[in-house]
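Enquirer: Given the coordinates of chain A, work out where chain B should sit on it, guided by the hints.
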Amino acid sequence: MTELSTTLFGLLIIGAAVGGAAVLTWFERRLLGIWQDRYGPNRLGPFGIFQVLADMLKLLTKDDWVPPFADRFVFILAPTVIVIVMMLGFAVIPFGPELQVIDLNIGLLFFLGMSSLAVYSVLLGGLASNNKYALLGGLRSAAQMVSYEVFMGLSLMGVVMLAGSFSLRDIVLAQEGLWYCIPQFLGLVTFTIAGIAESHRLPFDLPEAEHELTAGFHTEYGGMKFAMFMLGEYVGLILICCMMTVLFFGGWMGPLLPPIVWFCIKVFVLICFFVLLRAAIPRPRYDQLMGLGWKYMLPLTLINLLFTGAFLLVMES
Amino acid sequence: MVNAVVTADSGALEELLATLPDAGMAQQITADGTPTVWVPRERLLDVLRHLRPGFPMLLDVFGIDERLRQNKPLPAQDFTVVYHLFSVERREEFRVKASVSEADAVVPSATPVWPAANWYEREAWDMFGIEFSGHPNLRRIILPPTWEGFALRKDHPARATEMEPFSLDEDKQVVEQEALRFRPEEWGMDRASDDSEFMFLNLGPNHPSVHGVFRIALQLDGEVIVDAVPDIGYHHRGAEKMGERQSWHTFIPYTDRIDYLGGVMNNLAYVLSVEKLAGIEVPPRVKVIRIMLAELFRISSHLVFYGTFVQDVGQMSPVFYMFADRERLFGIVEAITGGRMHPAWFRIGGVAQDLPKGWDTLVRDFIDSMPARLDHYQKMAMDNSIVKDRTVGIGAYSGEEAVEWGITGASLRAAGVDFDLRRDRPYAGYEDFDFEVPLGHRGDSYDRAVVRVEEIRQSLRIIRQCLDNMPEGPYKSDHRHTTPPPKERTLGDIETLIHHFLNVSWGPAIPPGEACVPIEATKGFNSYHLVSDGGTSSYRTRIRTPSFPALQQLPLISRGLLIPDLIAIIASIDFVMADVDR
Chain A
1 MTELSTTLFG
11 LLIIGAAVGG
21 AAVLTWFERR
31 LLGIWQDRYG
41 PNRLGPFGIF
51 QVLADMLKLL
61 TKDDWVPPFA
71 DRFVFILAPT
81 VIVIVMMLGF
91 AVIPFGPELQ
101 VIDLNIGLLF
111 FLGMSSLAVY
121 SVLLGGLASN
131 NKYALLGGLR
141 SAAQMVSYEV
151 FMGLSLMGVV
161 MLAGSFSLRD
171 IVLAQEGLWY
181 CIPQFLGLVT
191 FTIAGIAESH
201 RLPFDLPEAE
211 HELTAGFHTE
221 YGGMKFAMFM
231 LGEYVGLILI
241 CCMMTVLFFG
251 GWMGPLLPPI
261 VWFCIKVFVL
271 ICFFVLLRAA
281 IPRPRYDQLM
291 GLGWKYMLPL
301 TLINLLFTGA
311 FLLVMES
Chain B
1 MVNAVVTADS
11 GALEELLATL
21 PDAGMAQQIT
31 ADGTPTVWVP
41 RERLLDVLRH
51 LRPGFPMLLD
61 VFGIDERLRQ
71 NKPLPAQDFT
81 VVYHLFSVER
91 REEFRVKASV
101 SEADAVVPSA
111 TPVWPAANWY
121 EREAWDMFGI
131 EFSGHPNLRR
141 IILPPTWEGF
151 ALRKDHPARA
161 TEMEPFSLDE
171 DKQVVEQEAL
181 RFRPEEWGMD
191 RASDDSEFMF
201 LNLGPNHPSV
211 HGVFRIALQL
221 DGEVIVDAVP
231 DIGYHHRGAE
241 KMGERQSWHT
251 FIPYTDRIDY
261 LGGVMNNLAY
271 VLSVEKLAGI
281 EVPPRVKVIR
291 IMLAELFRIS
301 SHLVFYGTFV
311 QDVGQMSPVF
321 YMFADRERLF
331 GIVEAITGGR
341 MHPAWFRIGG
351 VAQDLPKGWD
361 TLVRDFIDSM
371 PARLDHYQKM
381 AMDNSIVKDR
391 TVGIGAYSGE
401 EAVEWGITGA
411 SLRAAGVDFD
421 LRRDRPYAGY
431 EDFDFEVPLG
441 HRGDSYDRAV
451 VRVEEIRQSL
461 RIIRQCLDNM
471 PEGPYKSDHR
481 HTTPPPKERT
491 LGDIETLIHH
501 FLNVSWGPAI
511 PPGEACVPIE
521 ATKGFNSYHL
531 VSDGGTSSYR
541 TRIRTPSFPA
551 LQQLPLISRG
561 LLIPDLIAII
571 ASIDFVMADV
581 DR
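Chains A and B, in that order, are what the protein sequence lines are.
The opening position of the first sequence corresponds to residue 1 in our numbering, with each subsequent residue numbered one higher.
The opening position of the second sequence corresponds to residue 1 in our numbering, with each subsequent residue numbered one higher.
Only chain A is shown next, with the shape it has when bound in the complex (with noise of 0.2 Å):
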């Protein structure tokens, strides 16, 4: 691609992905509406979907407020940082064979990093609110993330291993044949666990915990600064499905359809998957959440490291 249909196609990807999210506003609550025997949004337009717009109106005219307590810099850069990162990670997302914004050799590496850098996000908005549910929210957020950030790339060296790469468009490209979820099943499980933890949504939803922490980090937020967050959210869970989808499914592939047509599918199927998850599962308390990481998931993954790493030394011998 040129740098123009680079720049271009980056741009598109930015669009679709904040317009996917807030689509994905509307859609959550029909969805769970359906499951919990109610209708959820259903006036506005076919099937309630402009409440998008009208949710998008009220947010976006709202009186732009920073508490006067809080410290105002801090307050005002913390949901600028989830929205950033979170498209930064598309960058490195091949959507087909040859839609991806940029190949890097370490593609995998750079979305690890970017979905820490999130946290910083999450804290320093739970710090500057200068808040006590903020802060609590905030703490707990810190050391959700940093426990479950480490098992979330231990469990994905396993598929590092198999492909022999960090690129993630040589990573789909290996999975011609077998889509990963089958070897590298335990790394799905633990991926996917400690993909929604990162996401903190429902039942991992614990930085924000509305039933203990009324909105734990966010409580100060209002307006467009709450709307951030909310999209750094939606965004964030749509990175997550396009990086399982990515990893495990085979990313494009498929038979028939379009490459792409095939990874909406593909991301739409876990979409659905996660809101499915948020209507089942009660939420852990704080430390059993950690305990199910350290206890549990760590020792899963590194047993799926030992078991890959023993199956490929095999299979070479």
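Hints listed in this document are in silico derivations from the structure and should not be mistaken for laboratory results.
Heads up, some of the hints might be wrong.
Pairwise CB distance ranges (calculated) [what the hints assert, rightly or not]:
(1) B:Thr361 with A:Leu276: 52 to 58 Å
(2) A:Phe47 with B:Glu186: 53 to 59 Å
(3) A:Gly164 with B:Arg457: 58 to 64 Å
Here are a few chain A residues that sit away from chain B, every Cβ distance over 10 Å (derived from the structure) [stated by the list, open to error]:
(4) Arg43
(5) Leu136
(6) Ala163
(7) Leu173
(8) Leu186
(9) Gly223
(10) Leu298
Yeah, the Cβ is synthetic: ideal placement off N, Cα and C, and Gly gets one too.
Expert: Just chain B now, with coordinates in the frame of chain A:
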């Protein structure tokens, strides 16, 4: 059928009089037959200490302003303090009264004997200005600290129109603002320990999980709760004061709003007390209709509990299913009573109307469909391992502690205390029904939920028996206090006309006396202690609710736990703030 044993007075009163013959006690006969004894305040603590082993549960402590009472019992002076005791084993109540004058309104505090007296005595101080010497923290509990006067005294105005117009000038505003400032010392909490400084977190009065307007000041070390001090009174509406102004009948709608999830269950506690005072017997059909409606509301209340309980531990979906069921239930309630949450449908001596045509089909459809749905919820919520991890062993108390703190209802049974008023001291006709009393054994948050879920099934069983055995007959008793004479006959002679006129204009005049009939309401013991002075309205209405002691006990079971645990506990104790503050 359950063979309920109604133990008559087992001789506690005679025994007391015999053991402490020099205490100068006097007996009072009340309409409800509860042994009632007047004790001079000098000997009050002796008597209470003596009664403590036999009656481990302090149900209630409250005041009565006797100054305007015509038919006051002999030992009464200006104010009376009433201690209402209960024994689970003997299934008996006991009442101790102490009398004080206005100039010297001091009685010794009962907190050394029953720790649960703490909040009740604060309330009596708040409402009557009766001082309890030796009380650890005698501050206002329900009204704001800046309140002037004592609200339940007879000379305190009951309506805004009896007072000066309200104004808030700047000075007053400063004073009010200052009164709201949070000083941990005033709440009995230190700012720092030897090695760490505590964080104080103000949970509520507006917080998603406190079920209404309830505030808890938390003393935190990290996220660990060092101490939790509840602050109540935000939902106070002066129901007891209103009881002194409304006629016997027109107070019924106010009772609906005490435990606002319990609907007609509140009516039941009230009308039973009035009927006891007036000696009214109700026809069999009324009994069964009342029980059916009360059990429908028990299910409704428990469904709300069930849904919010799992929602508060973070499961998002079940509450919607349970509210959908409750909606169907309200459909039935609406068809029968015309109301939904607050039907105000029971009447003194009966119910407002007969059952409508086709009620049985509605009820049958509902109770037929519920068991399968409950099985489904069981799998979805109660068997969920995360729900169990969050609630098993959290906020546990023993049966003894529960009794000591006045915990009643399902929360008491969750700790393994096998007691249910409906079975063990039947009222309103429960002796004719066959049902089981589910028990827990750990007394923790999970068991409190388990017991309530099982109670839904038992209530369904009771409703089915109502459905199959609904007696024919009148829906109100033919008693002169409850039913005006037939209209045709009023046109025949003047006496009947006068009687009819008085009955529908002033309402009935209930004979002087005192009565209190505790019932097993949705959340525990609910009772209305009514004092009649022979007038058309109550002289004193004391509402004993199960939620009040439950909140008093909250700090005890939440110390040392985390904030999420506190939320799980709050979700599991099943209270509504209107039931606490009244």
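Enquirer: Flag every earlier hint the structure violates by its number, smallest first.
Expert: 1 and 5
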